[in-house]
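Visitor: Model the full structure from these sequences, guided by the hints.
Chains as they are written, first to last, in the numbering used here: chain A, 10 to 166; chain B, 10 to 166.
Everything labelled a hint here was simulated from the structure, so no lab data went into it. Note that the coordinates shown come from a computational prediction; the quantities given were computed from them, not determined experimentally. This list has only true hints and no planted wrong ones.
Identical chains blur together in the list; that is why a pair holds if it fits in one copy or across any two.
Calculated cross-link-like contacts (lysine-lysine; reagent style BS3-like; alpha-carbon spacing at most 27 Å): (1) Lys66 x Lys12; (2) Lys12 x Lys130; (3) Lys77 x Lys59; (4) Lys59 x Lys12; (5) Lys16 x Lys59; (6) Lys16 x Lys77; (7) Lys16 x Lys44; (8) Lys44 x Lys15; (9) Lys77 x Lys44; (10) Lys44 x Lys66.
There are 2 protein chains.
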Amino acid sequence: MLKISKKADYALMALQHIASVQFGDITPGRVVNTKEIAEEYHIPLELLAKVLQVLSKNGLIESHNGPKGGYLLARSARQITIAQILESIEGPLAITDCSHEKDGDYCMQREHCNIRTPLLKIQDSIYQLLNNMTLGDMLGGTPLITIQSPSAQGVER
Amino acid sequence: MLKISKKADYALMALQHIASVQFGDITPGRVVNTKEIAEEYHIPLELLAKVLQVLSKNGLIESHNGPKGGYLLARSARQITIAQILESIEGPLAITDCSHEKDGDYCMQREHCNIRTPLLKIQDSIYQLLNNMTLGDMLGGTPLITIQSPSAQGVER
DNA sequence: ATGATCTCCGATCAATATGGTCGTACTAAA
DNA sequence: TTTAGTACGACCATATTGATCGGAGATCAT
Ligand code: FES
Ligand code: FES
Numbered sequence: 010m011l012k013i014s015k016k017a018d019y020a021l022m023a024l025q026h027i028a029s030v031q032f033g034d035i036t037p038g039r040v041v042n043t044k045e046i047a048e049e050y051h052i053p054l055e056l057l058a059k060v061l062q063v064l065s066k067n068g069l070i071e072s073h074n075g076p077k078g079g080y081l082l083a084r085s086a087r088q089i090t091i092a093q094i095l096e097s098i099e100g101p102l103a104i105t106d107c108s109h110e111k112d113g114d115y116c117m118q119r120e121h122c123n124i125r126t127p128l129l130k131i132q133d134s135i136y137q138l139l140n141n142m143t144l145g146d147m148l149g150g151t152p153l154i155t156i157q158s159p160s161a162q163g164v165e166r
Numbered sequence: 010m011l012k013i014s015k016k017a018d019y020a021l022m023a024l025q026h027i028a029s030v031q032f033g034d035i036t037p038g039r040v041v042n043t044k045e046i047a048e049e050y051h052i053p054l055e056l057l058a059k060v061l062q063v064l065s066k067n068g069l070i071e072s073h074n075g076p077k078g079g080y081l082l083a084r085s086a087r088q089i090t091i092a093q094i095l096e097s098i099e100g101p102l103a104i105t106d107c108s109h110e111k112d113g114d115y116c117m118q119r120e121h122c123n124i125r126t127p128l129l130k131i132q133d134s135i136y137q138l139l140n141n142m143t144l145g146d147m148l149g150g151t152p153l154i155t156i157q158s159p160s161a162q163g164v165e166r
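Guide: Shown next, in the form of C-alpha cells:
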C-alpha cells in the first residue's frame with residue numbers, strides 16, 4: 010500500500026545519479042545522457058526518457074540537445090526536495106481522491122464524511138516529511154527524521 | 010500520488026462509525042450492521058461487506074451472525090491504529106515494490122540501487138506516523154502531529 | 001551544408017490493480 | 001422453521017500504470 014509508481018522510482022534514481030556525477034566527481038560540468046542512466050540501472054530507455062522529459066519540463070533538470078547532449082541539474086541538490094520530484098511525476102500528493110476537490114465535484118460521502126479532517130492531517134504530515142528531505146540528503150549522510158505524536162504516548166501540547 | 014484505495018477509505022469510515030456508535034452514545038452494546046453503514050455513507054453494500062469481512066478476519070472487529078447481527082469493535086478505539094487498519098486492507102506498507110523482498114526475487118536495480126536506504130527511511134517514518142494515530146484520535150480531539158527534520162530547514166512550501 | 005546523434009513529444013498498446021457485482025452457503029435469533 | 005443477517009468465492013468492468021513506437025526538431029562534427 011501507499012506505493013509510489015515505477016516512474017517516480019526511476020526519477021529518483023536518475024536524479025540521484027545526475028547529482029552524484031555533478032557533485033562529487035572531478036567533472037563538474039559534465040552532462041549525463043539518458044542511455045547512460047538507463048544502462049547503469051537497467052531501466053527501459055524510452056520510459057526513462059519520458060520521465061526525464063517531464064522532470065525537465067517541470068524545471069528540475071536542464072536538457073541539452075544534440076550530440077554530446079544530456080541532462081543537468083537545474084539547481085543545487087539541496088534545493089530539490091523529494092516531494093518536488095514525486096509531485097513532478099505523479100501529480101499533487103493526494104492520500105484520498107477527494108483531497109483536492111475541484112469544481113463542484115464532491116465525492117458522495119462528503120456531506121457525512123467523518124474521516125476527512127484526520128486524513129488531511131495525515132496527508133499534510135507526509136508532505137512535510139517528503140518536503141524536508143532533499144536530493145542532497147540522499148547523496149550524503151543519512152538524514153535524521155524524527156516524528157513526535159502526543160497521542161499514543163503521554164498527551165502533551 | 011500515494012493514494013490509499015477506496016476499500017481502505019471505506020474501512021476507515023466504517024470503523025469510525027462503529028466506534029462512534031459504540032462510544033459516545035447511550036447504547037454501548039449495540040451492534041452495527043453493514044446496510045446501516047452503507048446507506049449512511051453511500052457505499053456499495055457488497056463492497057463494504059467484503060471490507061468488513063476482511064477487517065473481521067484480521068481481528069479488528071467482531072462479527073455477530075443472524076438477525077439483529079452486525080459488527081462490533083474487537084478492542085478499544087485507542088488500541089486500533091490507522092496503520093493496522095490500512096495494512097489489514099491493503100497489505101504491508103511498501104513505498105517501493107522492493108521494500109520487502111521475498112525469496113530470491115530481487116529487483117534488477119538492487120545491485121546498483123542508490124535510493125534504497127533513503128526510501129526505506131521515508132517508509133519507516135510514514136509507518137510511525139500512521140501507527141501513532143488511533144481510531145480514538147480520529148473520534149475525539151484533533152491529534153497534533155509534528156515533524157522535525159534538521160536538514161533542509163530553509164525549504165518551506 | 002550535410003549527415004549523425006541526440007532530445008523532444010504525441011500516440012498507442014499491454015499488463016496489472018482496483019472497484020464493483022453476483023450467487024450461494026452458512027448462522028443464529030425470533 | 002422461517003428469516004434477516006453474515007461468510008465466502010468467483011467473476012467482470014474499468015482505471016491506472018508500465019512500456020513501446022515513430023517521427024519531428026535541435027545541435028554539433030565534419
Ligand atoms: S471521502 Fe470524500 S470527503 Fe471524506
Ligand atoms: S529499486 Fe529495488 S533496490 Fe532500489
